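Trainee: The residues making up each chain are set out below.
Number of protein chains: 2
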Amino acid sequence: MSNPVLYLDDLRIGQKFISSEHVLDAAQIIEYARQFDPQVFHTDPEKARDTFFQGLAASGWHTASITMKLVVESLPMSAGVIGAGVEELSWPQPTRPDDVLHVESEILEIIPSRSKPGRAIVRIRCETKNQRGEVVQSFVPKLLAFKRP
Amino acid sequence: MSNPVLYLDDLRIGQKFISSEHVLDAAQIIEYARQFDPQVFHTDPEKARDTFFQGLAASGWHTASITMKLVVESLPMSAGVIGAGVEELSWPQPTRPDDVLHVESEILEIIPSRSKPGRAIVRIRCETKNQRGEVVQSFVPKLLAFKRP
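Chains as they are written, first to last, in full-length UniProt numbering: chain A, 1 to 149; chain B, 1 to 149.
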């Protein structure tokens, strides 16, 4: 991580962060799915053709996991990327083999803690996009941020 | 999967589903985190002590991934468990090494499609609980359900 660490002091509404890219392939999709989402549209390219997805697609939770990796790298929060929860997680379209993913994040709101001074909840819109700029995942995590000591 | 396949016809509001159990350990937590959430509180038991989590904790996305595995098994929807999106994903407390997890699901709402007859969105509250009955994850997926042909 070459990015400088981010404290609450460094954050403002509207601030944007762009991650690096993750190159997906069928092997990754199948490996994740065998462990966590063993359904034929995620594990079997042949059988996937006759399903809702009409071809192999990544589990939404695999897309979410890759997204987390890209968020950790592009949003180096001082105490780590710690989520208090998530709003509005959606997958507008499937993630496919050979997709190249990156995450674009924008700070929507900064809510200072009433009970714990020096701490805030930061609401961020994170969009995961493929190589055509299509949004494959959108969500709004609520991350913990701490003031510079 | 020994459970019979579930069609829209088989579902009603208030219906409950209990999954089998998943036994977590530190090795699984670290393996997932190295790939998708490389932060010391998920990858290093020693360094994790001095963090917000005060010890090794699973990535929330790892808990979500295990939850998906348990949901796929306990909710054998006819065309597969296909999520149109998720509301209110939260992790009320950390998942720890040696936790034994299961998922309790309850149908909240069944919304028939206006444009596509024979299809509906089913809102389900899924709570992932540990061996003490404490909720470690709660979320409301919106799943696709299809009428029996």
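Treat the hints as calculated values from the structure; they're not laboratory data.
Note that the structure is predicted; figures quoted are calculated from it, not measured.
Just so you know, even glycine gets a beta-carbon here, dropped at the ideal spot from N, CA and C.
Be careful, since some hints might not be right.
To be verified - Calculated lysine to aspartate or glutamate pairs in the DMTMM-like style (CA-CA distance at most 25 Å, straight line):
1. B:142 with A:127
2. B:16 with A:127
3. A:129 with A:104
What the hints assert, rightly or not - Non-contacting residues of chain A with respect to chain B, defined by C-beta distances greater than 12 Å in every case (computed):
4. 4
5. 14
6. 69
7. 71
8. 81
9. 84
10. 88
11. 108
12. 112
13. 142
14. 148
Trainee: Now tell me, hint by hint, if it's right for this structure.
Mentor: Verification of the supplied hints:
1. B:142 with A:127: Holds. Residue 142 of chain B to residue 127 of chain A sits at ~20 Å (cutoff 25 Å).
2. B:16 with A:127: Violated. Residue 16 of chain B to residue 127 of chain A sits at ~33 Å, over the 25 Å cutoff.
3. A:129 with A:104: Measuring from Cα to Cα gives roughly 8 Å; hence the hint holds.
4. 4: 17 Å, holds
5. 14: Since the minimum Cβ distance to chain B is about 25 Å, residue 14 of chain A lies beyond 12 Å and the statement holds.
6. 69: The assertion about residue 69 of chain A is violated, with a minimum of 5 Å to chain B.
7. 71: For residue 71 of chain A, whose nearest Cβ neighbour in chain B is about 9 Å away, the distance does not exceed 12 Å, so it is violated.
8. 81: Answer for residue 81 of chain A: violated, closest chain B Cβ roughly 7 Å.
9. 84: 7 Å, violated
10. 88: 7 Å, violated
11. 108: With a cut-off of 12 Å, residue 108 of chain A remains clear of chain B, as the shortest Cβ separation is near 17 Å.
12. 112: 18 Å, holds
13. 142: 9 Å, violated
14. 148: 16 Å, holds
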